[in-house]
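Here the protein sequences line up with chains X and W, keeping their order. Residue numbers for the first sequence follow full-length UniProt numbering, beginning at 1 and rising by one. Residue numbers for the second sequence follow full-length UniProt numbering, beginning at 1 and rising by one.
These aren't lab readings, by the way, just hints derived from the structure by calculation. Among the hints, erroneous ones may be present.
Not the full set, but computed from the structure, chain X residues with beta-carbon under 8 Å of chain W [to be verified]: (1) 180; (2) 247; (3) 302; (4) 342.
Covered by chain W, according to a simulated footprint, are these stretches of chain X (three or more residues, beta-carbon under 8 Å) [to be verified]: (5) 68-74; (6) 323-335.
From a predicted model like this one, the values you see are computed outputs, not experimental measurements. Even glycine gets a Cβ: it sits at the ideal position worked out from N, Cα and C.
What follows is the residue order along each chain.
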Amino acid sequence: MSYLEYNLKTMPTGLRKMLYVNWALVLLLCAVAGVGFLMLTSVAGGSMDRWAEPQMKRFALGLAAMFFVGFVPIWFWRNTAALAYALSVGLLIAVEFFGTVGMGAQRWIDLGFMRLQPSELTKITLVMVLAAYYDWLDIRSVSRPQFVAVPLLLILIPTFLVLKQPDLGTALLLVAGGGIVMFLAGVHWLYFAVVITMGGGLVAAVFLTRGTGWQLLKDYQYRRIDTFLDPGSDPLGAGYHITQSKIALGSGGWTGRGFMQGTQSRLNFLPEKHTDFIFTTLAEEFGFVGGISLLSLYVLIVAFCVASALQNRDRFASLLTLGIAATFFLFFALNMAMVMGLAPVVGVPLPLVSYGGSAMLVLMVAFGLVQSAHIHRPRGR
Amino acid sequence: MKRPIRDTGELPRRLTRRALVLGGLQAGFAGVLALRMRHLQVTQADTFRLLAEENRINIRLIPPARGLIYDRAGRILAENEQNYRIVLVREDAGDPEKALARLTRLVPLDAGTVERALKEIQRHSPFIPVTVADRLHWEDVARVAVNAPILPGIAPEVGLSRLYPMGQDFAHVVGYVGPVSDYDLSRLEDPDPLLQIPRFQIGKTGVESKREHRLRGKAGTRRIEVNAVGRVIRELDRIDGQPGADLQLTVDAGLQNFMQARLGEESAAAVVMDLERGDLLGIASAPSFDPNKFVRGISVADYKALTETPYRPLSNKAVQGAYPPGSTFKMITALAALEDGLIDPEETVYCPGHMEVGGRRFHCWRRGGHGHVNLLQSLEQSCDVYYYELAQRVGIEKITAMARKFGLGERHDVPLSAVVSGLTPNKAWKRENRGAEWVVGDTLNASIGQGYVLASPLQLAVMSARIATGRALTPRLVKSVDGIEQPHDPGAPLDVDPANLAQIRAAMGAVVNNRRGTAFRARVVAEGLELAGKTGTSQVRNITAAERAAGVVNNEDLPWERRDHALFVAFAPLEAPRIAVSVVVEHGGGGSTVAAPIARDITLRALYGDLPPMSAYPERQRWQVEQDLRKLPLRRFDTAPSSGRSRA
Numbered sequence: 001m002s003y004l005e006y007n008l009k010t011m012p013t014g015l016r017k018m019l020y021v022n023w024a025l026v027l028l029l030c031a032v033a034g035v036g037f038l039m040l041t042s043v044a045g046g047s048m049d050r051w052a053e054p055q056m057k058r059f060a061l062g063l064a065a066m067f068f069v070g071f072v073p074i075w076f077w078r079n080t081a082a083l084a085y086a087l088s089v090g091l092l093i094a095v096e097f098f099g100t101v102g103m104g105a106q107r108w109i110d111l112g113f114m115r116l117q118p119s120e121l122t123k124i125t126l127v128m129v130l131a132a133y134y135d136w137l138d139i140r141s142v143s144r145p146q147f148v149a150v151p152l153l154l155i156l157i158p159t160f161l162v163l164k165q166p167d168l169g170t171a172l173l174l175v176a177g178g179g180i181v182m183f184l185a186g187v188h189w190l191y192f193a194v195v196i197t198m199g200g201g202l203v204a205a206v207f208l209t210r211g212t213g214w215q216l217l218k219d220y221q222y223r224r225i226d227t228f229l230d231p232g233s234d235p236l237g238a239g240y241h242i243t244q245s246k247i248a249l250g251s252g253g254w255t256g257r258g259f260m261q262g263t264q265s266r267l268n269f270l271p272e273k274h275t276d277f278i279f280t281t282l283a284e285e286f287g288f289v290g291g292i293s294l295l296s297l298y299v300l301i302v303a304f305c306v307a308s309a310l311q312n313r314d315r316f317a318s319l320l321t322l323g324i325a326a327t328f329f330l331f332f333a334l335n336m337a338m339v340m341g342l343a344p345v346v347g348v349p350l351p352l353v354s355y356g357g358s359a360m361l362v363l364m365v366a367f368g369l370v371q372s373a374h375i376h377r378p379r380g381r
Numbered sequence: 001m002k003r004p005i006r007d008t009g010e011l012p013r014r015l016t017r018r019a020l021v022l023g024g025l026q027a028g029f030a031g032v033l034a035l036r037m038r039h040l041q042v043t044q045a046d047t048f049r050l051l052a053e054e055n056r057i058n059i060r061l062i063p064p065a066r067g068l069i070y071d072r073a074g075r076i077l078a079e080n081e082q083n084y085r086i087v088l089v090r091e092d093a094g095d096p097e098k099a100l101a102r103l104t105r106l107v108p109l110d111a112g113t114v115e116r117a118l119k120e121i122q123r124h125s126p127f128i129p130v131t132v133a134d135r136l137h138w139e140d141v142a143r144v145a146v147n148a149p150i151l152p153g154i155a156p157e158v159g160l161s162r163l164y165p166m167g168q169d170f171a172h173v174v175g176y177v178g179p180v181s182d183y184d185l186s187r188l189e190d191p192d193p194l195l196q197i198p199r200f201q202i203g204k205t206g207v208e209s210k211r212e213h214r215l216r217g218k219a220g221t222r223r224i225e226v227n228a229v230g231r232v233i234r235e236l237d238r239i240d241g242q243p244g245a246d247l248q249l250t251v252d253a254g255l256q257n258f259m260q261a262r263l264g265e266e267s268a269a270a271v272v273m274d275l276e277r278g279d280l281l282g283i284a285s286a287p288s289f290d291p292n293k294f295v296r297g298i299s300v301a302d303y304k305a306l307t308e309t310p311y312r313p314l315s316n317k318a319v320q321g322a323y324p325p326g327s328t329f330k331m332i333t334a335l336a337a338l339e340d341g342l343i344d345p346e347e348t349v350y351c352p353g354h355m356e357v358g359g360r361r362f363h364c365w366r367r368g369g370h371g372h373v374n375l376l377q378s379l380e381q382s383c384d385v386y387y388y389e390l391a392q393r394v395g396i397e398k399i400t401a402m403a404r405k406f407g408l409g410e411r412h413d414v415p416l417s418a419v420v421s422g423l424t425p426n427k428a429w430k431r432e433n434r435g436a437e438w439v440v441g442d443t444l445n446a447s448i449g450q451g452y453v454l455a456s457p458l459q460l461a462v463m464s465a466r467i468a469t470g471r472a473l474t475p476r477l478v479k480s481v482d483g484i485e486q487p488h489d490p491g492a493p494l495d496v497d498p499a500n501l502a503q504i505r506a507a508m509g510a511v512v513n514n515r516r517g518t519a520f521r522a523r524v525v526a527e528g529l530e531l532a533g534k535t536g537t538s539q540v541r542n543i544t545a546a547e548r549a550a551g552v553v554n555n556e557d558l559p560w561e562r563r564d565h566a567l568f569v570a571f572a573p574l575e576a577p578r579i580a581v582s583v584v585v586e587h588g589g590g591g592s593t594v595a596a597p598i599a600r601d602i603t604l605r606a607l608y609g610d611l612p613p614m615s616a617y618p619e620r621q622r623w624q625v626e627q628d629l630r631k632l633p634l635r636r637f638d639t640a641p642s643s644g645r646s647r648a
């Protein structure tokens, strides 16, 4: 739809948009971020300044960004989606040459006030561009091979760049996020069946070629998989993280050990306790009740997004909202699965809770898009 | 601005359908996560909680204070002194080299110490305290403590280490402690985790070693919370250990000090035994050494000096030394004959100075012979031929059996290192060990304590004690443990006719108190404190016929290691014996000239409980004795502590 197609008279303008903001979603986001502040305080041994305070400032900034993005009409975002995508891919290429390598794999550009990871940005812009593409595309043509090839290319270009960094976790998220938007847009299910079968074949090939001259992965990558499948096999080496994290979770019990009483995380048995493994601290200190509460908050966020999308008659808006919700889901589900020993340790932060600026800001911008879609949804008739 | 109609029917429906499929999948996955969480946190909670406890709680041992050792009067023989040391924690100190340089300005540390400390610092984790300097003066430690603000990561610490205030007097009896060695670990089979503590000290010799299990105590534990790299976060609780038991020995520090001093630099040993309970009042072995050096880590040069001298200072000769008892054995031969009625005490044997047996000539020590001697005279003058005669009548088996009754050839149960059993040979023993038949000449040699017979000074003292009392006294070294009196063996009456024992005792009295006795010069003139004893001069070589012909029998002309051992066994007072004494001076020469005077001094010191008055000595010897005793480097005991003092 072009903006001409919106019934602009029914659109809220100026500060009146405040009334149409999806406040429930804002509340949920604040609640999750609040849990994050609490946990960051706990892992810092009760000190706010170390992690919690910077995180609060970032969240405030993110909230402002969300409202700003949300107040901009949705059609503006649709029209600039291609540009945003091109920009983020350009940045991905740029970091190949000018980026700084930190923490092993992640590449970022220092913007002065924050470190921008183009790969984080790409997760959103990819969803945007795919939503815009399917909005533009005639619904009857979505399953035609030539029209399937375009989004595939759109997905694979940044995926390839991210893989080169190398950041396997983000690459998988890009593929999954993009695939989900394609699925929602109505691409024929046979395509997905073929891709999934091929993926399965690839996994089989990976394992079957192991130890032969044609093995597809590096030895350390195989070992990581081994460790995931049986963390006990190397309890002090690679399996250490998973084992310790499971111990922390398990020792929490029903109600946990109480705020700041988690021995596992406070005594540094846990790796990355303020980033990827922060969920273990929560689960240890607040137990099953705390863990399930956070999970519920996340699920509610996704549910509100889905509800908003289903009410929206604008194809771009619904696709974008659903795509962002799915990406968000992938984030927290993968992180939780990882700390619970259901997925390999790939380095996915817990959204809005883990310490980290770039990811949080990008996520808040994404929820700004969701708000924009919600505020500017077609009304009447 | 109207929205053109597009295919609105199909589109929302398909999107909704797909969105619901996706939502369903997501909900399913969220459900899986919730179930997994429930499984980990509720079903397996106990297992994981246990694992978490193990993760964070570490048990550290608190070494117990080692038990103290007192003498019978309550004077301290072994104590724990506070040991000031300086430790450095690398992560707090920053650059350890600079930190040590700063420290050196306050406390003088030599280059070797600094280098060793640096090496050790690099070896350990940055948060582990490493001892930089040990055994510092209080002043040095105070200086470090005062300057603590400019010495980050450096802290003074107090530990306990063993101190032997009596120095070398009790080096052999009390022994010394040292750090656990790999050899100790393999030898002890002791599961006590204390032994795994680096530099933990255990008894190495003497009572310290033999009563290690009482002295060590039980380790206390400290449960501490640690993080993943083992750093201590805080102490959770502490269970205090049990300090080691205090031991009170039967020895008298004053007497022991006198004995050590009196033996001086001779290679000698002496034992004093109380006749009431068998308490060992003194067990001296000379030369001695300073056990404190071993505790502090003895230098290679010092250790070499101790091991390379032929005087063997490290050996406790009183229990480890096995010597031919020489003439001190004659009481046994005589008793064996008397018990079997093979000789009448008044019967005389003619001594021409030698005896021909089996084609061999056995000499008496006096070449001219003693003429006709009866039992009393034979002991008094130590006639060898008399005993050659008895030996042939009695035979070795009965002599050996008698020797066993008096504690010879028996390993006395005292908590000292390497207590020997000596040797009382018989026919079976020779057949087994020498592969040869016993010949009558062996019996003759054994009858005068030569040949195969071996005894330690402790055994000789026990023998003397049993002769004096007629009871089978056994030596006792530990008087009480933690204030609880240890049992003593009252000593069953010996299976020997008391009349015969009386004969022997009288003869031993004659040895010292009769003008013709071999130890007459070492007599005591104080009324009621007369000494009874027997001299012994045991050969450590065979005197060849050529030597005898040439007349080279003068001990002083021989190299030290081939000279005779001088021995003396005694009990006193003669009429109502209270103590038994034995003295052995290795390669000292004659028992009467060397060993007997020492035994007299020791006996008098023991009986008087202090330096004896000169009136106890024969008038003509007093001036010389006084000079000699005054020269002794005696320890002064200023305060007389109460006996049986318990831990402060």
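Problem set entry | Per-stretch coverage check for the stretch 68-74 of chain X, three Cβ contacts closer than 8 Å to chain W | Check failed, 0 qualifying residues.
For this session: Confirm or reject the coverage of the stretch 323-335 of chain X by chain W under the rule of 3 or more residues with a beta carbon closer than 8 Å to the chain's beta carbons.
Result: holds (count 3)
For this session: Report holds or violated for the interface hint on residue 180 of chain X, using the least CB-CB distance to chain W and a cut-off of 8 Å.
Result: holds (6 Å)
For this session: Please verify that hint: residue 247 of chain X, Cβ, nearest Cβ of chain W, below 8 Å or not.
Result: Hint on residue 247 of chain X: holds, closest Cβ of chain W at ~5 Å, below 8 Å.
For this session: Would you settle whether the hint for residue 302 of chain X is holds or violated, based on the nearest Cβ-Cβ distance to chain W being less than 8 Å?
Result: holds (6 Å)
For this session: Grab the minimum C-beta distance from residue 342 of chain X to chain W and call the hint holds if it beats 8 Å, violated otherwise.
Result: holds (6 Å)
Hint check: a violation occurs at hint 5 only; the rest are consistent with the structure.
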